[in-house]
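Participant: Could you slot chain D onto chain U? The hints should help.
The residues making up each chain are set out below.
Protein chains: 2
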Amino acid sequence: MRDIRIALDVMGGDYGPRSAIPAAIKAVDKYPHLHLYLCGHSQSIHSLLNKQNALSHPRLTIVHAEQVVNQDERPDLALRRKTQSSMRKALELVEQEQADACVSAGNTGALLAMARYILKTLPGVKRPALVSALPTYEDEKVYLLDLGANIHQCSDTLFQFAVMGSVIAREVEQIEHPRVALLNVGSEEIKGGDHLKAAAQQLQECEDINYVGFAEGNDIFSGKADVIVCDGFVGNVALKTIEGVAKLIISKIKASSEQSFISKLLAGLLLPGIKTLFSRMNPDHYNGASLVGLRGIVVKSHGNASTRAFYSAIKEAVKEAQRQVPHKIKDKVEQVLNEENK
Amino acid sequence: MRDIRIALDVMGGDYGPRSAIPAAIKAVDKYPHLHLYLCGHSQSIHSLLNKQNALSHPRLTIVHAEQVVNQDERPDLALRRKTQSSMRKALELVEQEQADACVSAGNTGALLAMARYILKTLPGVKRPALVSALPTYEDEKVYLLDLGANIHQCSDTLFQFAVMGSVIAREVEQIEHPRVALLNVGSEEIKGGDHLKAAAQQLQECEDINYVGFAEGNDIFSGKADVIVCDGFVGNVALKTIEGVAKLIISKIKASSEQSFISKLLAGLLLPGIKTLFSRMNPDHYNGASLVGLRGIVVKSHGNASTRAFYSAIKEAVKEAQRQVPHKIKDKVEQVLNEENK
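Those protein sequences? They're chains U and D, same order as listed.
Each number in the numbering used here corresponds to the 1-based position in the first sequence with 54 added.
Each number in the numbering used here corresponds to the 1-based position in the second sequence with 54 added.
Simulated from the structure, these hints should not be mistaken for laboratory data.
Computed from a prediction, not measured in an experiment: that's the story for all the values here.
Possibly wrong hints are sitting among the right ones.
One copy or any two copies: either way a pair holds, since identical chains are not told apart in the list.
In silico EDC-like pairs for lysine to aspartate or glutamate, Cα to Cα no more than 16 Å straight-line [claimed, not checked]:
1) Lys278 x Asp193
2) Lys382 x Glu227
3) Lys308 x Glu192
4) Lys306 x Glu194
Chain U on its own, in the form it takes in the complex (with noise of 0.2 Å):
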């Protein structure tokens, strides 16, 4: 197995280093190929490391950064004025090709903002996705993509996010041939907007493509899809709706769990199991969600990442490096662009 490299933002998020050096440290035992880099302010770094006896770790490297995107920052202005940062550190480590993958739990518009910039997309692709894994009700993944790195609506953009998602969907879960949606109002061929019929139209006629029509949102979680496509509005909307879902019940269940002692110990036996189910519905808390379409790997973990999300989000970036998910996203949208200009 070869080794991989990996450049993590540990400044980003709400805790910043102090769930990311611990993640980082548990991942370097788990794979004895990893080599991480660690980006940001050395002093903090190496204090945490001191204090889990991990400052001389042959392959957990320090990279000083004077900067941190805040999380409230404009992606513009972090773009212009941040490039000391730990952020822009870590994607420069990619682009430099020291590293394989890039990991951060920082602020999603500057990491896309920076990322795309810094990395640039792949030949032919034209705009890069936000995509992730949810459940479904079958203990199998679907994609979701794009969460939400662009808002515009072009059924050539969607096309591709479909390309890209189907190589995601087999290179990192083995999926042979995903079925491939589109996610829309109705299933009926009439339902939808001029760029999604055309979206669709484009998916039927391309062979590499297991195109199964289109999807609602009730079918995100059912299975009929491995991969399911929209704009990035609509999917931040769904799975920010789906976040809002979460907490509602969660807040309904305490709030019942105060009416008796019994109801007391029934929410007490069964919220945690249905914060677990959550956080895995909640992909980016989950096992982070992945930026596609660019010319390196880009794993977001969530803004209040814990260790062990942040320790996912390392996980997916390994298996993302191994399987060379961007070289492969490359050969299947050149594959597909040559066919049809056939």
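Facilitator: What follows is chain D alone, placed relative to chain U:
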């Protein structure tokens, strides 16, 4: 209190008259001033009324209809071919001012198309919208619209939806100055497409609307706003995603209940509560979704509506008829348009 007359399409939905007729009987029992027209196959209605000893009820009138609109029928075909359907008859009673409102659990697309064709939009209203109330963490209600009446992205339409949503929240929920938000992918002003930014600008400048800014998917249930406005594509995906999450949770609780006697007991105690919560979160299961912006009241009950759900939809129609919602919307739209033209 003045008499209220409501036309019911009793043939729509999965259970047709078997859920609609008992709901109708319950409604006339509850409201002494309510008169219901039961549109559908007179023979089936007759026999169901007979069974419940309600055949000679003075406030239940059978209106025979030869045809039924199927659940999967294409709206344009239903509009053209089903001129003798129960759905059409019920809408015509509203158009002829024999009924104050209409309730149907039938095919949503066909109901939208027929309602728009027969009742027409209110003067000044560009497009009707499908609106419903969802619960918030604090057990308040939030009105979400459009849930799928139209999928066009247009700032004027979003602005009008905000005006209509505001009227319905004030008239039905008695909220004096309903807080109105636009659904977006972030709360910062720079987010979202141009039509959203333009609608935000219009709303900010409109003195009659208590506009509180952008809301994200996770704000739907948070109580941040009393009315959340989006285009019908996004609203439909959000609503159906909520439905999907509900089914997923219930299936997971059921699956985990099979692991032990204790977990079976827990699930048995908990599932009914969760199902009730979800039926409240799926608004057209709960109290129906209203089609607003037309010259008449149309309430859509869920295709899978039980007697209880259909009864709730009738109650919603009664409320809207009592408060003369279309009339109030007309006044408000005129007022706002006049202000804009000043």
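Participant: For Lys382 and Glu227, with the copy left unspecified, which applies at a CA distance of at most 16 Å: within, between, both, or neither?
Facilitator: within (14 Å within a copy, 55 Å between copies)
Participant: Cα distance capped at 16 Å. Does Lys308 pair with Glu192 within a copy, between copies, both, or neither?
Facilitator: between (27 Å within a copy, 12 Å between copies)
Participant: At most 16 Å between alpha carbons: which applies to Lys278 and Asp193, within, between, both or neither?
Facilitator: Cα proximity of Lys278 and Asp193: one copy only (13 Å, versus 34 Å across).
Participant: If the cutoff is 16 Å on CA atoms, where do Lys306 and Glu194 land: within, between, both or neither? Let me know, please.
Facilitator: This pair counts as between: shortest inter-copy Cα distance 13 Å, intra-copy 28 Å.
Hint violations for this structure: none, all hints satisfied.
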